[in-house]
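Those sequence lines, one after another, are chains A and B.
Numbered by this note's numbering, the letters in the first sequence go through residues 2 to 97 in order.
Numbered by this note's numbering, the letters in the second sequence go through residues 442 to 931 in order.
There is no bait here: all hints are sound.
Looking from chain B toward chain A, a few residues come up when the C-beta cut is under 7 Å (computed):
no.	residue
1	F542
2	S785
3	N790
4	A794
5	T809
For the record, the hints were derived by calculation from the structure and aren't laboratory data.
Beta carbons are placed, not taken as given, at the ideal position from N, Cα and C, and that holds for glycine.
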Amino acid sequence: MSDTEKIDIEYVAKLARIALSEEEKAKFSEQLGSILGYIEKLEELNTEGVEPTAHPHPMENVWQEDVVSSELSVEAALQNAPKQRQNMVVVPKVVE
Amino acid sequence: MSEELYYKSASELSGLLEKGEVSSLELTRSIIGRTKAVEDRVAAFNSYDEADALAQAEASDQRRSTGNISGPLDGIPVGIKDILAVKDQPLTCSSKMLENFISPYDATCIQKLKQSGAVLWGRLNMDEFAMGSSTENSATHPTSNPWNLNCVPGGSSGGSAAAVAAGEAVLTLGSDTGGSIRQPASHCGVVGLKPTYGRVSRFGLAAFASSLDQVGPMARSVEDASLLLQAISGHDLRDSTSFRKEVPDFSKSLESLKGKKWKLGLPKEYFEKASDSAAMEPVQKAIDFYRELGCEIKEVSLPHTEYAVATYYIIATAEASSNLARYDGIRYTHRAANFDPKDSVDVYNQSRAEGFGEEVKRRIILGTYVLSSGYYDAYYLKAQKARTLIRQDFEKAYEEVDALLTPTSPFPAFEKGAKMEDPLSMYLSDIYTISANLAGIPGLSLPCGYSNGMPVGLQILGKPFQEDEMLAIGQAFESAHDFKNQHPEL
Numbered sequence: 002m003s004d005t006e007k008i009d010i011e012y013v014a015k016l017a018r019i020a021l022s023e024e025e026k027a028k029f030s031e032q033l034g035s036i037l038g039y040i041e042k043l044e045e046l047n048t049e050g051v052e053p054t055a056h057p058h059p060m061e062n063v064w065q066e067d068v069v070s071s072e073l074s075v076e077a078a079l080q081n082a083p084k085q086r087q088n089m090v091v092v093p094k095v096v097e
Numbered sequence: 442m443s444e445e446l447y448y449k450s451a452s453e454l455s456g457l458l459e460k461g462e463v464s465s466l467e468l469t470r471s472i473i474g475r476t477k478a479v480e481d482r483v484a485a486f487n488s489y490d491e492a493d494a495l496a497q498a499e500a501s502d503q504r505r506s507t508g509n510i511s512g513p514l515d516g517i518p519v520g521i522k523d524i525l526a527v528k529d530q531p532l533t534c535s536s537k538m539l540e541n542f543i544s545p546y547d548a549t550c551i552q553k554l555k556q557s558g559a560v561l562w563g564r565l566n567m568d569e570f571a572m573g574s575s576t577e578n579s580a581t582h583p584t585s586n587p588w589n590l591n592c593v594p595g596g597s598s599g600g601s602a603a604a605v606a607a608g609e610a611v612l613t614l615g616s617d618t619g620g621s622i623r624q625p626a627s628h629c630g631v632v633g634l635k636p637t638y639g640r641v642s643r644f645g646l647a648a649f650a651s652s653l654d655q656v657g658p659m660a661r662s663v664e665d666a667s668l669l670l671q672a673i674s675g676h677d678l679r680d681s682t683s684f685r686k687e688v689p690d691f692s693k694s695l696e697s698l699k700g701k702k703w704k705l706g707l708p709k710e711y712f713e714k715a716s717d718s719a720a721m722e723p724v725q726k727a728i729d730f731y732r733e734l735g736c737e738i739k740e741v742s743l744p745h746t747e748y749a750v751a752t753y754y755i756i757a758t759a760e761a762s763s764n765l766a767r768y769d770g771i772r773y774t775h776r777a778a779n780f781d782p783k784d785s786v787d788v789y790n791q792s793r794a795e796g797f798g799e800e801v802k803r804r805i806i807l808g809t810y811v812l813s814s815g816y817y818d819a820y821y822l823k824a825q826k827a828r829t830l831i832r833q834d835f836e837k838a839y840e841e842v843d844a845l846l847t848p849t850s851p852f853p854a855f856e857k858g859a860k861m862e863d864p865l866s867m868y869l870s871d872i873y874t875i876s877a878n879l880a881g882i883p884g885l886s887l888p889c890g891y892s893n894g895m896p897v898g899l900q901i902l903g904k905p906f907q908e909d910e911m912l913a914i915g916q917a918f919e920s921a922h923d924f925k926n927q928h929p930e931l
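With the rest of the complex left out, here is chain A (with noise of 0.2 Å):
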C-alpha cells in the first residue's frame, strides 16, 4: 500500500461482475483513491499480537437438531425468478 498505489479498477469490476462505463471507472478510481488513502491511516496502528474480530459478541458454536422445515412451497420460492418454466429457473443458454 502506497498513497501512489491506484486500485485496478478494470481487474476489480471484473471481480465484482459489474460492467462499468468509462465515466464510472473515471469517476470511481478517483474517489475510491481518496478513500483508499484515508483508509490508509491503519497502517500507523499497531496490532502486533491483537486476535481479530470476527462477530463482537464472543460466541460458541450453535448446534441445532437437523430437522428438515422447508418452509417455502416450489412456488413461493421461485415467484420471484425473472424467468421460470417447470418448477425451475430458466437461466441464458452459455454452452452450444
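Given chain A, work out where chain B should sit, using these hints.
The following block gives chain B in isolation, referenced to the frame of chain A:
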C-alpha cells in the same frame, strides 16, 4: 401540544384502545389520512397498501371485541423499512435490482410484530441497500426532512425517521449498520434505538454487513421505543448470531430504574473536535442536565476512535461485496435484457450494472478490492484487528461508567445534494455512530434541542444487553423536557 390521533404516543393510544375510546380502524384511518395529506412533501414511503392495513385494523378490533388482544401494540400502525420481508408485500431495498420483488415469507421481527397485533403499515424509503446517510441514494426518490423540506432526513432509515416525525406512522422499524437508525432519528427529532448485536433476529432483513446489521425501533418517545423493542427482541433459531439470552421486561425495568444516579462517561475523543460545532450546544446542555440530576459525569477515553471510520468502511464494504453477490440476475432479481451470450458471466455483469445504483457499485468495488488477493491481510485482517481494539476501548470505559453520552451526528440535517459528490465526507458524518456497530453495543438517539431550527440528537451508548439502562437514562432527560411533544409544521 398536538391532540391529533396520529401524533399520539403508542402508550397513550394503547390505553385509548383498551378503554374503547378509539378503535384501531379509526386510528389507522387517521394515519392513512395524514400520510395522504403530507406525503407529497415528505415522500417517506416507497409504497403502501391501504386495504391491507385497514383489514389488519379490523382484525385487531375484532380481537379486542372478544377480549383476545395480543399486547400493548395491538391495533397500532407500525411503518416498515423497505428492507424487511413482509409476506406478500414488496421488498425493494429502494433498488432497481429488487423493484419487482415480493417477499415469500415474513422476517422474524415481522412475525413477532404480527403476533403482537400491530398493524403493519407501508414500505419506507431508504438509501439503496441501506448504503448512505441521507436517503438520497434511493432508486425511487429522495425523502425530505419534515422540519425543513430542503434538507435530507438522514439515512439510511430516512423514510422511517421522517414518517414518525410527520405523524405518518405511530412507530417504525429501521435497520442500523453504522448509524442508520440513530443518525436519521437525530436529524428528524425522534427517538431511534440500535439494539445490542444479537438482541434482534436478522432473519428476513436483507443483509448489508452481517456482523454489524441490527433491526431497531424508531418512535416519538423512549417508552414507545421500548414497547417496539420488546415486541421484536429475542433468540431465533433461524439466526445463529442472535443471542440465547433472556429479554428483560423493558417497561418494568424503566419503572424500577427511575431516579437512579448513573455514572456517565464523556468520550474525550468525541468532544475534542466537536466543541465548536453548531450541534454541540444542546448536547452540552443535556450533559449539564444529567450533572444537575446528580449523575456523576466523567471524562473517559476511547483511544482508537480515530481509526473507527477506516475500520468500518473496510469491514462493511467487504461484507457487502460478499452479501450482494447474491443479486446476480438469475434467481430473483432484475435480469438485463441485453448481454453477450458468448460470455457466460456477462449476464451478471450487465444485470448488476443496470440494477445497482452508484453508491452500491462504489461500495461493492471497494469491498471487492479490500478482499482481493494480495490486499486481504493489509486491509481486511488489519481492520478486524483494529475492531478488536475499538471493542476493548468500550470494555475499558464501561469498567468506569454505566453509559456514554455523545452527540449523535457532528451536524444537524444538511441540505439535499450537499454531500452527494463527496463520498468520503458523507462517510465521515457517521463518525459518532459507527463504533457502536463495530463493538456490538446498543445505542440510543433522542431529541435534545435545536440548532438553527433543526433537531439535534443526544446519543447514549450502553453496555451490551443493557438496553433497559440506556432507555432509562434517556427517559430521565425526556421526561424533564418537552421535545417529544414538538412536531414539525407541515
